[in-house]
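Next come the chains, spelled out residue by residue.
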Amino acid sequence: MTVTATVEEAGRAHKERARLRWKTWICVVVVVLSNVFGNFLLKWGMPRELPGALDYVAVLFRPVVALGVLLLILWLGSRMALLSWADLSYVLPVTAIGYVLVAIAGRVLLHEQITAQRWAGIALIMLGVALVSVGTAPQTARPKTGQAGIG
Amino acid sequence: MKWVLLGIMVAATTVGEVLQARGMRRHGEIRDFRPGAIGRAVLRLARNGWVVASVAAMAVSFFAYLGLLTVSELSFAVPASAATYAFETVLAKYVLDERVNGLRWAGATLVVCGVALVSL
Chain A
1 MTVTATVEEA GRAHKERARL RWKTWICVVV VVLSNVFGNF LLKWGMPREL PGALDYVAVL
61 FRPVVALGVL LLILWLGSRM ALLSWADLSY VLPVTAIGYV LVAIAGRVLL HEQITAQRWA
121 GIALIMLGVA LVSVGTAPQT ARPKTGQAGI G
Chain B
1 MKWVLLGIMV AATTVGEVLQ ARGMRRHGEI RDFRPGAIGR AVLRLARNGW VVASVAAMAV
61 SFFAYLGLLT VSELSFAVPA SAATYAFETV LAKYVLDERV NGLRWAGATL VVCGVALVSL
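Sequence order for the protein chains is A and B. 1 is the number of the first residue of the first sequence in the numbering used here; add one for each residue after it. 1 is the number of the first residue of the second sequence in the numbering used here; add one for each residue after it.
Among the clues, some could well be false.
Said to hold, decoys possible - Over the 12 angstroms line for every Cβ pair with chain B, so calculated as not near, a few chain A residues:
id, residue
1, Thr2
2, Ala5
3, Val7
4, Glu8
5, Ala10
6, Ala13
7, Tyr56
8, Val108
To be verified - A few chain B residues facing chain A, derived, Cβ under 10 angstroms:
id, residue
9, Gly7
10, Val10
11, Glu29
12, Leu43
13, Thr70
14, Val78
15, Thr84
16, Tyr85
17, Glu88
18, Glu98
19, Leu103
20, Leu110
21, Val111
22, Gly114
23, Val118
24, Leu120
In short, the hints are calculated from the structure, not lab data. Even glycine gets a Cβ: it sits at the ideal position worked out from N, Cα and C.
The following block holds chain B by itself, in its conformation from the complex:
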């Protein structure tokens, strides 16, 4: 059960966060942080298909995470979810066309190794 919930959570998080990054970049840089402007931005984002799909995927991920927390410890659940870092960095390069240079690959690799050490 633990591994099924973890699998669902990792898949949903990866899809959700890549869609979210695509949707927000399409929206453009948020410059105005006053409440009215934030409200207008939220209304605009509610019509952004990428963002709506990402929120749906993140909701699946959230409930899988709640289930995971009941059957496992926080110190397993949180680090194990870092598997998404590896998948998302690859997708950032090939799907989002980001320039992932050597430093970023090295950084993501160090983070995944570090999280593994902390959780094992």
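Chain A on its own, in the form it takes in the complex:
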């Protein structure tokens, strides 16, 4: 009886880990893409200078900037959802793949030159992302939720 129960429990724990890993990956893709395209549109729509405080608000109503802001809101929301189960020290390196995508988008869409030094930097980032995302689980400590916590 106890052996069956233990095996069942191990199976459940395994399924739970697999579920969390899949969910984490899907969420990471949304976080990364919304950040890359949000930042790209923001820079694209930004004027050369913002002389007054009011210009900071006015610029938000330019269509390209507004779309960029919408994508960055999606980024904030999906990142908050991700952080509701995944560790910050996991999320930080894994979402850094966005830096690589920005460089590649620059090369493909804007025909920018990528120097050997930049390719080396891109390789280091990808290695860091691979180490953390493949080598460690998204969650280390048990979540402290709701009433159990102080705040």
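Assemble the complex: chain A is given as a structure, and chain B must be docked to it using the hints.
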């Protein structure tokens, strides 16, 4: 001006993201992604002090970033902001009590070095 804006942005981002991670973990795992459930989660998060403080810090960071984009290139602004990775990984260990193992330290270090190479 460039370095002042960058300093404000890095400090505000670091504080904001650590508060956000603390607040969201307190809230618990979001499992239901239907619009109604998301709406209810947002209402609950609006009363979560950690999350409210984090949004305020991120707003400061966002406007500092807008200012930075006007005086510098995107290829300086985005990589330079990666300085937050080093600060936040340290805070994740000592403030958020995450188990930051050797792989995570190595990964964060590689990312910071890589971002420096890309931006210089």
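Hints and how they fare:
Distance check for A/Thr2 against chain B: the nearest CB is about 29 angstroms away, which clears 12 angstroms, and the non-interface claim stands. For A/Ala5, the requirement that its beta carbon stay farther than 12 angstroms from each beta carbon of chain B is met, with the minimum near 25 angstroms. Every CB of chain B is more than 12 angstroms from the CB of A/Val7 (nearest about 26 angstroms), matching its label as outside the interface. No beta-carbon of chain B comes within 12 angstroms of the beta-carbon of A/Glu8; the shortest separation is about 22 angstroms.
Chain B leaves A/Ala10 outside its interface by the beta-carbon criterion, the shortest separation being 21 angstroms against a cut-off of 12 angstroms. No beta-carbon of chain B is positioned within 12 angstroms of the beta-carbon of A/Ala13; the least distance is around 16 angstroms. The beta carbon of A/Tyr56 sits about 6 angstroms from the closest Cβ of chain B, which is not more than 12 angstroms, so the claim that it is off the interface is violated. Every CB of chain B lies more than 12 angstroms from the CB of A/Val108, the least distance being 16 angstroms, so the non-interface label holds.
Contact between B/Gly7 and chain A, as hinted, is not supported at the beta carbon level, the nearest pair being about 19 angstroms apart and thus beyond 10 angstroms. With a least beta-carbon distance of about 14 angstroms to chain A, the hint placing B/Val10 at the interface is violated under the 10 angstroms criterion. Interface hint at B/Glu29: satisfied, since its Cβ lies 4 angstroms from the closest Cβ of chain A, which is below the 10 angstroms cut-off. Look at B/Leu43: its Cβ only gets to about 14 angstroms from chain A, farther than 10 angstroms, so that hint breaks.
Checking B/Thr70 against chain A by beta carbon gives a least distance of about 5 angstroms; that is within 10 angstroms, so the hint holds. Hint on B/Val78 holds. Least Cβ distance to chain A is approximately 6 angstroms, under the 10 angstroms limit. Interface hint status for B/Thr84: upheld, as the beta-carbon distance to the closest one in chain A is roughly 8 angstroms, under 10 angstroms. For B/Tyr85, the interface hint holds, the least distance from its beta-carbon to any beta-carbon of chain A being 5 angstroms, beneath 10 angstroms.
About 6 angstroms separates the beta-carbon of B/Glu88 from the nearest beta-carbon of chain A, less than 10 angstroms, and the hint is met. The closest approach between the C-beta of B/Glu98 and any C-beta of chain A is roughly 5 angstroms, which is under the 10 angstroms cut-off, so the hint is satisfied. Given the 10 angstroms rule on beta carbons, the hint for B/Leu103 holds: about 4 angstroms separates it from the nearest Cβ of chain A. The beta carbon of B/Leu110 comes within 3 angstroms of a beta carbon in chain A, closer than 10 angstroms, and the hint placing it at the interface holds.
For B/Val111, the suggested interface contact is upheld, since its CB lies about 4 angstroms from the closest CB of chain A, less than 10 angstroms. The beta carbon of B/Gly114 comes within 3 angstroms of a beta carbon in chain A, closer than 10 angstroms, and the hint placing it at the interface holds. Here the hint on B/Val118 is kept, as its CB sits about 4 angstroms from the closest CB of chain A, short of 10 angstroms. A distance limit of 10 angstroms between C-beta atoms decides the matter here; for B/Leu120 the minimum to chain A is near 7 angstroms, and the interface restraint holds.
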